[in-house]
Amino acid sequence: MTAMLTPIRCCRINSVDIKISPLVIILLVALMIANPDLSAAIIALLVSLLVHELGHSFAAQALGLKVKGIVITPLGGMANIEGLSQQPLNEAKVAAAGPLTNLVIAGLCALIDHELAYLVMIINLGIGLGNLIPIFPLDGGRILRGIFSAATNPVDATNGIGKISNYLCLVLILFGFKYGFLLYAVAISLYCFFSHKKELLSQVFATGTPPSLSFDEMMKRTFAFFAHGNPSQPKHPADHDESLENFGGSLEEYFEDKQ
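Adding 592 to a residue's 1-based position in the sequence shown gives its number in the numbering used here.
Watch out, some of these pointers could steer you wrong.
Per label pair, the in silico range of CB-to-CB distance [claimed, not checked]:
#1 G718 <-> L615: 19 to 25 Å
#2 V778 <-> H706: 34 to 40 Å
#3 F797 <-> V639: 36 to 42 Å
#4 H706 <-> I625: 24 to 30 Å
#5 D629 <-> S804: 52 to 58 Å
#6 F807 <-> I780: 19 to 25 Å
#7 S804 <-> G699: 39 to 45 Å
The set of hints was computed from the structure by calculation and includes no laboratory data. Virtual Cβ for every residue (Gly too), placed ideally from N, Cα, C.
Please work from the sequences and hints to get the whole structure.
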């Protein structure tokens, strides 16, 4: 089972290793065998996901960031980019590049009068617009996190986007209940919830700083920053504090001790 989940390298594009989970290949082949008429749509979806991640990767490379690789899993694609969360506005730019790439492709396909072009257009519209929803870990959530982080810090920004994500996931669950996709909506919401918590904890441990701003205060600082501040000089929390890694108590005890 582990071998089926371990991504394997399939190619290299512009110095970026492309890896795919064997389980993805098995699922795609099974779907195409069971539904031959969907083969074109399945292949178009896989290629569109890859192009989406390449959009992130090429944008990161253009900004001087190191891209470790792209991994395609049953949950979607992910570009592994080094040091992105420490550069808030660059994170927003890189996050926006993926959906923008899909929307450009959709626009080009709209100019072509062909059934396959129409299919590719619909798929890329779905990926592009869907990823702009401000829910973490979607690109829309990462764009907002980058913007909030530029005005505050990565910890409070991550905490803030989590509150937005929770409300939107609640709306998704209500729609799921009304229109008959409740289990799917709950599964997506749980994935988003735990992805956000994992990211928030990683930011707390990396900085040794807990969230300190209310959502309202974070929004006020963000509006003030972009109205009067200099976006090229983002504010960050204190540098990495190794004492947190060596502390034997709970997080609450650690932060009480720091005060």
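Verification of the hints:
Our hint of 19 to 25 Å for G718 and L615 holds, since their Cβ atoms are close to 22 Å apart. The hinted window of 34 to 40 Å between V778 and H706 holds, with their beta carbons roughly 38 Å apart. A C-beta distance of roughly 37 Å is found between F797 and V639, which places it inside the suggested range of 36 to 42 Å. Restraint check, H706 to I625: a C-beta distance of roughly 26 Å satisfies the suggested window 24 to 30 Å.
About 55 Å separates the C-beta atoms of D629 and S804, a value consistent with the hinted range of 52 to 58 Å. Checked against the given bound of 19 to 25 Å, the beta carbons of F807 and I780, roughly 23 Å apart, stay inside it. The hinted range of 39 to 45 Å is satisfied by S804 and G699, whose Cβ atoms lie roughly 43 Å apart.
In the structure shown, no violation is registered for any of the earlier numbered hints.
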